[in-house]
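Colleague: Each chain, written out:
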Amino acid sequence: AQSVTQLDSHVSVSEGTPVLLRCNYSSSYSPSLFWYVQHPNKGLQLLLKYTSAATLVKGINGFEAEFKKSETSFHLTKPSAHMSDAAEYFCVVSNDYKLSFGAGTTVTVRA
Amino acid sequence: GAGVSQSPSNKVTEKGKDVELRCDPISGHTALYWYRQSLGQGLEFLIYFQGNSAPDKSGLPSDRFSAERTGGSVSTLTIQRTQQEDSAVYLCASSLAIGRGYEQYFGPGTRLTVT
Numbered sequence: 125a126q127s128v129t130q131l132d133s134h135v136s137v138s139e140g141t142p143v144l145l146r147c148n149y150s151s152s153y154s155p156s157l158f159w160y161v162q163h164p165n166k167g168l169q170l171l172l173k174y175t176s177a178a179t180l181v182k183g184i185n186g187f188e189a190e191f192k193k194s195e196t197s198f199h200l201t202k203p204s205a206h207m208s209d210a211a212e213y214f215c216v217v218s219n220d221y222k223l224s225f226g227a228g229t230t231v232t233v234r235a
Numbered sequence: 310g311a312g313v314s315q316s317p318s319n320k321v322t323e324k325g326k327d328v329e330l331r332c333d334p335i336s337g338h339t340a341l342y343w344y345r346q347s348l349g350q351g352l353e354f355l356i357y358f359q360g361n362s363a364p365d366k367s368g369l370p371s372d373r374f375s376a377e378r379t380g381g382s383v384s385t386l387t388i389q390r391t392q393q394e395d396s397a398v399y400l401c402a403s404s405l406a407i408g409r410g411y412e413q414y415f416g417p418g419t420r421l422t423v424t
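As they're listed, the protein sequences go chains A and B.
Numbering of the first sequence is given in the working numbering, commencing with residue 125 and proceeding in unit increments.
Numbering of the second sequence is given in the working numbering, commencing with residue 310 and proceeding in unit increments.
If you're looking for bench data, these hints aren't it; they were derived computationally from the structure.
Hints may be right or wrong, so weigh each one.
[To be verified] No more than 25 Å apart at the CA atoms, straight line, and that leaves these computed lysine-lysine pairs for DSS-like:
1. A:LYS192 <-> A:LYS182
2. A:LYS222 <-> B:LYS366
3. B:LYS366 <-> B:LYS326
4. A:LYS192 <-> A:LYS173
5. A:LYS192 <-> B:LYS366
6. A:LYS222 <-> A:LYS182
[What the hints assert, rightly or not] Short, incomplete list of chain A residues facing chain B, as computed with Cβ under 8 Å:
7. SER152
8. LEU170
9. LEU172
10. ALA178
11. PHE187
12. SER218
13. ASP220
14. LYS222
15. LEU223
16. PHE225
17. THR232
18. ALA235
Backbone N, C-alpha and C define an ideal beta-carbon position, used for all residues, glycine too.
Chain A on its own, in the form it takes in the complex (with noise of 0.2 Å):
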C-alpha cells in the first residue's frame, strides 16, 4: 500500500519570501514520488518527479524538492514567491502505474 500525507492544508506567504510545503508517504518499496500545481480552473501540471536518482530535484519555476528516506519526506520549497505561484499543490506517490494524491495544499501569495 501507498500513501501520501500533505501535512499542511494551506500555506500563505508574501511575495519574495520562501515557500515550504511538507510532506510525507508511506510505500512498501522504494516510491516514486511527484509534485503537481493545480491552477484554478486548470489541468494538473507536473512541477517536479523523483524516481530513485538524485535526492535533490529540480522542476520547473524554480522549485525543488529533496528525497529523505529516513524521514519519509519529500518537502518542495521554492526561494523566492510569485503571484503566479497561488495555486492547489499536490504530493503524489506512484506505483507503476496508479497516482496516489495527497489532499492537497492551497497556497496563497500576499503582495
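Keeping the supplied structure of chain A fixed, place chain B upon it in accordance with the hints.
Modeller: Coordinates of chain B only, in the frame set by chain A:
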C-alpha cells in the same frame, strides 16, 4: 503538440440519466488513466488502460461505472443511472508507457453536475 483533450468540458445531467465522457490521449501514448476529483474524496484513481485492456478496474466506485478504449486511442467513461454523489471533475491522463518513470499528462477535465 496537442495535449490530452476531454469532452465535454461541462456536463449537467438529471439524476438517473446516463452520461458518456470522452478522452483523447496524446498521440502515441499507450497508457491511459481516469481519475476523479471531488470535494469530499480528493483526487482518486478510477481505472487505467494499457492499449485497449484495463488490467485494474479496482477504483471504479460501483458497477454503474464502466470504461472502454478502442484502437489504442480514444477512451469513454460511462456512468449509468447517475446519482448526485457522482458530481465531480473527471480527469483523464495519458503516458508514453506504463512504469513509474513515465509522466502522466493530464487533460483539463470534465465537470459533471448531477441535479
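Colleague: Taking the hints in turn, state whether each one holds.
Modeller: For each hint, the structure was consulted:
1. With a C-alpha separation of about 15 Å, the suggested pair LYS192 of chain A and LYS182 of chain A falls inside the 25 Å cut-off, and the hint holds.
2. Between LYS222 of chain A and LYS366 of chain B the CA atoms are separated by roughly 11 Å; this keeps the pair inside 25 Å, and the hint holds.
3. The straight-line distance between the Cα atoms of LYS366 of chain B and LYS326 of chain B is roughly 22 Å, inside the 25 Å bound, and the hint therefore holds.
4. Simply put, LYS192 of chain A and LYS173 of chain A have alpha-carbon atoms about 14 Å apart, close enough for the 25 Å limit, and the pair holds.
5. Restraint check for LYS192 of chain A and LYS366 of chain B: the C-alpha separation of about 32 Å exceeds 25 Å, so the hint is violated.
6. For the hint pairing LYS222 of chain A with LYS182 of chain A, the CA-to-CA distance comes to about 23 Å; that is within 25 Å, so the pair holds.
7. Below 8 Å, beta-carbon pairs count as interface contacts, and SER152 of chain A has none with chain B, the closest being about 14 Å; its hint is therefore violated.
8. Interface restraint check for LEU170 of chain A: the shortest CB-CB distance to chain B comes to about 6 Å, inside 8 Å, so the restraint holds.
9. Proximity of LEU172 of chain A to chain B is violated relative to the hint, the smallest CB-CB distance being about 10 Å (cut-off 8 Å).
10. Taking 8 Å as the C-beta cut-off, the interface hint given for ALA178 of chain A is violated, the closest approach to chain B being about 14 Å.
11. With its C-beta approaching chain B no nearer than about 15 Å, PHE187 of chain A sits outside the 8 Å limit, and its interface hint is violated.
12. The beta carbon of SER218 of chain A comes within 5 Å of a beta carbon in chain B, closer than 8 Å, and the hint placing it at the interface holds.
13. Of the supplied interface hints, the one on ASP220 of chain A holds, with its beta-carbon coming within about 6 Å of a beta-carbon of chain B, less than 8 Å.
14. Satisfaction of the interface hint for LYS222 of chain A is found here, the shortest Cβ-Cβ separation to chain B being roughly 5 Å, below the 8 Å cut-off.
15. Here the hint on LEU223 of chain A is kept, as its CB sits about 6 Å from the closest CB of chain B, short of 8 Å.
16. The beta carbon of PHE225 of chain A comes within 4 Å of a beta carbon in chain B, closer than 8 Å, and the hint placing it at the interface holds.
17. Interface hint status for THR232 of chain A: violated, as the beta-carbon distance to the closest one in chain B is roughly 19 Å, over 8 Å.
18. Annotation: ALA235 of chain A was flagged as interfacial toward chain B, and the flag is violated, the nearest CB pair being 28 Å apart, outside 8 Å.
Violated hints, in rising order: 5, 7, 9, 10, 11, 17, 18; the structure is consistent with all others.
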